[in-house]
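**Q** Sequence:
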Amino acid sequence: MNVLEQTEDILKQEIIEAVIKANLATKEQLPDIVLEKPKDKSHGDFAANIAMQLARIAKKAPRQIADDIINHLDQTKASIEKVEVAGPGFINFFMKNDFLGDIIPTILKAETEYGRTNAGNGEKVQVEFVSVNPTGDLHLGHARGAAYGDVLCNVLDAAGYQVEREYYINDAGNQIDNLAYSVEARYLQELGQDAEMPEDGYHGQAIIDIAKKIVAEDGDKWVNADKEERIAHFKEYGLQSSLENIKNDLQAFRVEFDNWFSERSLYKDKITEALKTLDKENYIYEKDDATWFKSTEFGDDKDRVLVKKDGNYTYLTPDIAYHKDKLDRGFDQIINVWGADHHGYVPRMRAAIQALGYPSDKFHVKIIQMVNLFEGGEKIRMSKRTGKAVALRDLIEDVGVDAARYFFVTRSNDSQLDFDMDLARSQSNDNPIFYVQYAHARICTMLEQAKNKGIETDSTYDATLLTAEKEVDLLKKLGEFPQVVAEAAEKHLPHKVTQYVFDLATLLHSFYNAVKVLDQDNEELTSARIALMKSVRITLANGLQLIGVTAPEKM
RNA sequence: GUCCCAGUAGCUCAGCUGGAUAGAGCAACAGCCUUCUAAGCUGUGGGUCGCAGGUUCGAAUCCUGCCUGGGACGCCA
57 MNVLEQTEDI
67 LKQEIIEAVI
77 KANLATKEQL
87 PDIVLEKPKD
97 KSHGDFAANI
107 AMQLARIAKK
117 APRQIADDII
127 NHLDQTKASI
137 EKVEVAGPGF
147 INFFMKNDFL
157 GDIIPTILKA
167 ETEYGRTNAG
177 NGEKVQVEFV
187 SVNPTGDLHL
197 GHARGAAYGD
207 VLCNVLDAAG
217 YQVEREYYIN
227 DAGNQIDNLA
237 YSVEARYLQE
247 LGQDAEMPED
257 GYHGQAIIDI
267 AKKIVAEDGD
277 KWVNADKEER
287 IAHFKEYGLQ
297 SSLENIKNDL
307 QAFRVEFDNW
317 FSERSLYKDK
327 ITEALKTLDK
337 ENYIYEKDDA
347 TWFKSTEFGD
357 DKDRVLVKKD
367 GNYTYLTPDI
377 AYHKDKLDRG
387 FDQIINVWGA
397 DHHGYVPRMR
407 AAIQALGYPS
417 DKFHVKIIQM
427 VNLFEGGEKI
437 RMSKRTGKAV
447 ALRDLIEDVG
457 VDAARYFFVT
467 RSNDSQLDFD
477 MDLARSQSND
487 NPIFYVQYAH
497 ARICTMLEQA
507 KNKGIETDST
517 YDATLLTAEK
527 EVDLLKKLGE
537 FPQVVAEAAE
547 KHLPHKVTQY
557 VFDLATLLHS
567 FYNAVKVLDQ
577 DNEELTSARI
587 ALMKSVRITL
597 ANGLQLIGVT
607 APEKM
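Residue numbering for the first sequence follows the numbering used here, beginning at 57 and increasing consecutively.
No wet-lab data here; the hints were simulated from the structure. No experiment lies behind these values; they were computed from the predicted model shown. Yeah, the Cβ is synthetic: ideal placement off N, Cα and C, and Gly gets one too. Honestly, I wouldn't trust all of these hints.
Unchecked claim - Cut-off 27 Å, straight-line C-alpha distance, at most; resulting in silico cross-link-like pairs (DSSO-like, lysine-lysine): (1) K68 with K152; (2) K93 with K590; (3) K115 with K83; (4) K547 with K68; (5) K418 with K572; (6) K138 with K526; (7) K610 with K95; (8) K610 with K552; (9) K138 with K95; (10) K152 with K532; (11) K152 with K165; (12) K116 with K93; (13) K572 with K507; (14) K533 with K133; (15) K418 with K180; (16) K77 with K93; (17) K332 with K303; (18) K526 with K509; (19) K533 with K97; (20) K552 with K165.
What the hints assert, rightly or not - For each label pair, taking beta carbons as the anchor points, the in silico distance ranges come out as: (21) D130 with V421: 14 to 24 Å; (22) S515 with Q85: 27 to 37 Å; (23) N174 with R385: 19 to 29 Å.
Sequences and hints are given; from them, build the entire structure.
**A** Quick look at the structure:
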């Protein structure tokens, strides 16, 4: 628990005592004490709405209740500087701010660890994300999911969860056959033959490149080969090449997985096992020569086919087995990051989990809304089929990893994202990523300057000298960081960190313009401010690290 | 037709376990570099929080209905 949380906790405890002492409510009647941090500084450090909540219970006017509470409050114990009743009955607390003195030493000591907490209590969480079919390149939309998933994992890890990152490889099923036929067509075309792409073929450049590689390695060896043998080879070759591409792209995007899970591995016995479990519970029936799952019993719109008339599984079937496997691995939470086009799939998956006998509250699906790409003020349509979408690789080359990642985790995942290419690649102040990085670089320059001027940067400091408004603002903001990370993790909202880092940068820039840090006429204050700057730098760097963005020392 | 997401300043979006005067960036306008990086700062203007009801002491936030935009509704994956 950090210093800020401690003061908050003590204050809450004191409020509870005061309410009871004032005979306003019994322990049982007492609602949860909510302390909010007011946006408006004139409303104090914390504001409580307890008086309004108690109005009905105590049968008194809120402002009267507020006065009663204050009169029974041990202000010394709660380190209150001043307390006021305001508006309809808010109690505004102005704290003594003793705790601010502890923030800098805490940060300097923790360094790269600052922001880490044990909020998650070591809970085991698995995040499955990206999981793109190995049939082509990663595109813009996938990139958003990749950035979201990766940052979410970073944040969970920092907040004390045990995180495992997993990629589900769809290496079985129809799409892989289509891949083989697409490669075949491209291969023959490369050799000048008239070959048509299959109807559901993959038209992307990646497939053409794979065909070219085969030609380079094997020449026309496959033209007259046995058809079955040829397809089998193209399937494996295409699959491996695609996977390699995907892995390379993700690595370039700074996304790494702990586990690559193959759909094929389920076919040995996991699928039959899962089906058996469902059957045992009577959630399976036969109709029209197909096998059905009674997902409607768990709120789905209609029942779903598991085994098709032709004897093959639908996509759902191995996926059920996959989720059973995940849950059997003992995770407290499994989080799936899916594209918006898969949201209709959620009810049947949740139904399956319940039917298998698992609690469905362990299962979370984060839907990543679409990305609309804009360039020159015009919307560019994305289409996987025609292969015209912007590839992740090209995006990285164009705007850089830092800008791309930052943009993707600025917005909430369930809001559609307009990605402005011109803005992302602009090396100007319109581009928010530079704003934050610039704050970090500025501090580095100051520390460098300090050395050049012979100012000792490691000397002792007296943090109580930092009483100017901009200094106090910075200190308070710094103190919030661990809570921000913990909240982002708990609510699965990584963009909270992006927002925090931006706000901290704003305060730093504002401070920078108002205050001269290196003041040779006031060594003590200079030492304190240097310590403050180091703390801001560490916090910015840690925040950027969570987002997966670099923190440059010079710009 | 059913389901999911969104609708907040000119634009892009935060805010949503209900709280005080609804925020930020960009754009517009007016200032600030002989001083640690002006990729910065300071200030001004700008809003029926899609619409209508409801719950509440209090609603951008919760509930219902409707409107608009996007997406999904397959024995495809």
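**Q** Are the hints correct? Go through all of them and say.
**A** The hints, checked one at a time:
Taking the CA atoms of K68 and K152, the gap is near 16 Å; set against the 27 Å cutoff, the hint holds. Taking the CA atoms of K93 and K590, the gap is about 25 Å. The hint holds against a cut of 27 Å. Pair hint K115 plus K83 holds up; C-alpha atoms about 16 Å apart against a cutoff of 27 Å. Taken as a hint, the K547 and K68 pair is honoured in the structure, with Cα atoms around 23 Å apart against an allowance of 27 Å.
Distance hint between K418 and K572 is unfulfilled; the C-alpha atoms sit about 52 Å from each other, more than 27 Å. With a CA separation close to 21 Å, the supplied pair K138 and K526 stays within the 27 Å bound. Simply put, K610 and K95 have alpha-carbon atoms about 33 Å apart, too far for the 27 Å limit, and the pair is violated. Between K610 and K552, the direct Cα distance comes to roughly 26 Å. Compliance with the 27 Å bound is thereby established for this hinted pair.
For the suggested pair K138 and K95, the alpha carbons sit about 18 Å apart, so the restraint of at most 27 Å is met. Proposed proximity of K152 and K532 is supported: the alpha carbons are some 13 Å apart, at most 27 Å. Among the hinted pairs, K152 with K165 is consistent with the structure: their alpha-carbon atoms are about 24 Å apart, no more than 27 Å. Between K116 and K93, the direct Cα distance comes to roughly 26 Å. Compliance with the 27 Å bound is thereby established for this hinted pair.
Restraint check for K572 and K507: satisfied, since their Cα atoms lie roughly 16 Å apart, inside the 27 Å limit. Taking the CA atoms of K533 and K133, the gap is about 24 Å. The hint holds against a cut of 27 Å. Using a Cα cut-off of 27 Å, the hinted pair K418 and K180 holds, with the two alpha carbons roughly 11 Å apart. As the CA atoms of K77 and K93 are separated by approximately 25 Å, the hinted pair is consistent with the 27 Å bound.
Annotation: proposed proximity of K332 to K303 is violated, straight-line Cα distance about 35 Å (limit 27 Å). This hinted pair checks out: K526 and K509 have alpha carbons roughly 25 Å apart, not beyond 27 Å. Our distance criterion of 27 Å between C-alpha atoms is met by K533 and K97, whose separation comes to about 13 Å. Using a Cα cut-off of 27 Å, the hinted pair K552 and K165 holds, with the two alpha carbons roughly 25 Å apart.
Under the hint 14 to 24 Å, the C-beta atoms of D130 and V421, about 47 Å apart, miss the expected range. For S515 and Q85, the hinted distance range of 27 to 37 Å is not satisfied, since their beta carbons lie about 54 Å from each other. Range check, N174 to R385: Cβ separation about 23 Å, and the 19 to 29 Å hint holds.
When the structure is compared with the earlier hints, violations turn up for hints 5, 7, 17, 21 and 22 and for no others.
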